[in-house]
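Top line first, the protein sequences correspond to chains A and B.
If you want the working numbering, it's the 1-based position in the first sequence plus 1045.
If you want the working numbering, it's the 1-based position in the second sequence plus 1.
If you're looking for bench data, these hints aren't it; they were derived computationally from the structure.
Certain hints may be false.
Unchecked claim - Mimicking BS3-like on lysine-lysine, the simulated pairs with C-alpha atoms at most 27 Å apart in a straight line are:
#	chain 1	residue 1	chain 2	residue 2
1	A	K1102	A	K1059
2	A	K1116	B	K100
3	B	K43	A	K1054
4	B	K43	A	K1116
5	A	K1102	B	K43
To be verified - With the Cβ distance kept under 7 Å, some of the chain B side facing chain A (calculated, not the full set):
#	residue
6	S41
7	P45
8	L47
9	Y99
10	F103
11	G104
12	G106
13	R108
Unchecked claim - Label-pair restraints from in silico Cβ distances:
#	chain 1	residue 1	chain 2	residue 2	range
14	B	S41	A	A1127	39 to 45 Å
15	A	E1140	B	S53	19 to 25 Å
16	B	E4	A	A1127	23 to 29 Å
17	B	E4	A	T1052	19 to 25 Å
18	B	P113	A	N1107	42 to 48 Å
Even for Gly, the Cβ is constructed at its ideal location relative to N, Cα and C.
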Amino acid sequence: NAGVTQTPKFQVLKTGQSMTLQCAQDMNHNSMYWYRQDPGMGLRLIYYSASEGTTDKGEVPNGYNVSRLNKREFSLRLESAAPSQTSVYFCASSEPLSSGANVLTFGAGSRLTVL
Amino acid sequence: QKEVEQNSGPLSVPEGAIASLNCTYSDRGSQSFFWYRQYSGKSPELIMSIYSNGDKEDGRFTAQLNKASQYVSLLIRDSQPSDSATYLCAVRPMDSSYKLIFGSGTRLLVRP
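For reference, chain B alone in the conformation it holds in the complex (with noise of 0.2 Å):
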C-alpha cells in the first residue's frame, strides 16, 4: 500500500464549477499536509498547509483534514482554465522533521 495515495485522474470539471481532490494517507501519526500544485513542465510549488481537522481556506482554496478518516482533500471554488494542473498531495509522517512523502498526483483540467 502507497503511503500517499491520490487517484491520478484526470479529473475534468467545466470552468466555474468545484473541483474536488482527494488523498488518503496510510501514517496515522502523521501532523501536517499539503497541497502542491505542478504545472506541465514547471516544479511544485506550494498552495496550501493544514495541520489540524476541519476546513482551511485561503481564497478559492479550501483544504479539508479528517484525521480519524486519514483523508485530506482540496477542494477549488469557481475553478479557472489557469487551475488546469497537477495536484500534489504531502504529507510529513510522524517519525522526520524533515521527510515529505508525496502522492502522485491528480491531473485536474478545467474546460473553458
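Next comes chain A alone, as it looks inside the complex (with noise of 0.2 Å):
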C-alpha cells in the first residue's frame, strides 16, 4: 500500500544540468498530476495526465516536460536546471476529478535545488 511513490527526495543540480523526477502509483488511478510549491505560492500545476497516452499543460509547464510511461508512471524532466527550478515537486495521482472521487493523493515531494 505504497500510493503514491517519488523519487529522488533530494536532488542538487547545477545550472544547465538535467534530471528526471520519477513518479508511481499502485492505486489503478487513471489521472496524475505533477505540482511544485514555493514558499507563499501555494501548489501549481505544471502538468498533468487525465489518463494513459495523453498529457497537458497547467498553470507553469515552462522548463518542463512529461511522459506518462503507463498508467502507473508519470515523470518530469527538467531538460535545463535553471535556479527558478528551485522547489519542492510533488507527484499525486486521482481519479478524475469530475467523476465524483476527488481525492487527490500526493506523494511524499522531492526537494530540488538548482545553484
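Starting from two chains that each stand alone, build the complex the way the hints lay out.
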C-alpha cells in the first residue's frame, strides 16, 4: 500500500544540468499530476495526465517536460535546470475530479535545489 | 488577482478554541471545493470536500460554502496542538475536470 512514490527525495543540480523526477502510483488511478510548491505560492500545477497516453499543460509548464510511461508512471523532466526551478515537487494521482472521486493523493515530495 | 486567496497567517488559537480559516475564489462557475492539511515537511492530505452551499460537518471539522459570495471556510472545533499545520484551500474551476487550483495556505498554530 505504497500509494504514490516519488524519487529522488532530494537533489542538488547545477544550472544547465538535466534530471528526471520519477513518480509511480499503485492505486490504479487514471489521472496523474505534477505540482511545485514554493514559499508563499501554494501548489501550482505544472503538467497533468488525465489518462494513460495523454498529457496537458498546467499553470507553470515552461522549462519542463513530462512522460506518461504507462498507467502507473508519470515522469517530470528538467532539460536545462535554472535557479528559478528550485522548489519542492509533488506528484499526485486521482480518479478524474469530475467523477466524484475527488481525492488527490500526493507523494512525499522531491526537494530540488538548482545552484 | 489570485484565483484562490487565503490569509497566510499564522492564525494562533488556544487549545480548545474554534479555529476559523477562510478562502475566497474568483471563478464564479467553480463547483468543487476542498481543504487539505499539510504538516511541515510533509505532503498535503485531504480533510474535507464540499460541493453545495451550506455547511458540511465531519467530526471536529465543518466546511462552509457560499457560492454567491465566492467564499469557503473551514472551522475546527476544540482545536488541538496536533491541528497545527498549514491548511490549503483548493478549487476545481468550471472549465476543467482535472485541475485543482490551490491557495497559498493559512498556517494555523494551536497553543497548548
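Structure-based check of each hint:
no., hint, in the structure
1, A:K1102 with A:K1059, "25 Å, holds"
2, A:K1116 with B:K100, "18 Å, holds"
3, B:K43 with A:K1054, "12 Å, holds"
4, B:K43 with A:K1116, "25 Å, holds"
5, A:K1102 with B:K43, "25 Å, holds"
6, S41, "12 Å, violated"
7, P45, "5 Å, holds"
8, L47, "5 Å, holds"
9, Y99, "5 Å, holds"
10, F103, "4 Å, holds"
11, G104, "5 Å, holds"
12, G106, "6 Å, holds"
13, R108, "11 Å, violated"
14, B:S41 with A:A1127: 39 to 45 Å, "26 Å, violated"
15, A:E1140 with B:S53: 19 to 25 Å, "20 Å, holds"
16, B:E4 with A:A1127: 23 to 29 Å, "25 Å, holds"
17, B:E4 with A:T1052: 19 to 25 Å, "31 Å, violated"
18, B:P113 with A:N1107: 42 to 48 Å, "45 Å, holds"
Consistency with the previously given hints fails for numbers 6, 13, 14 and 17, ordered from lowest to highest.
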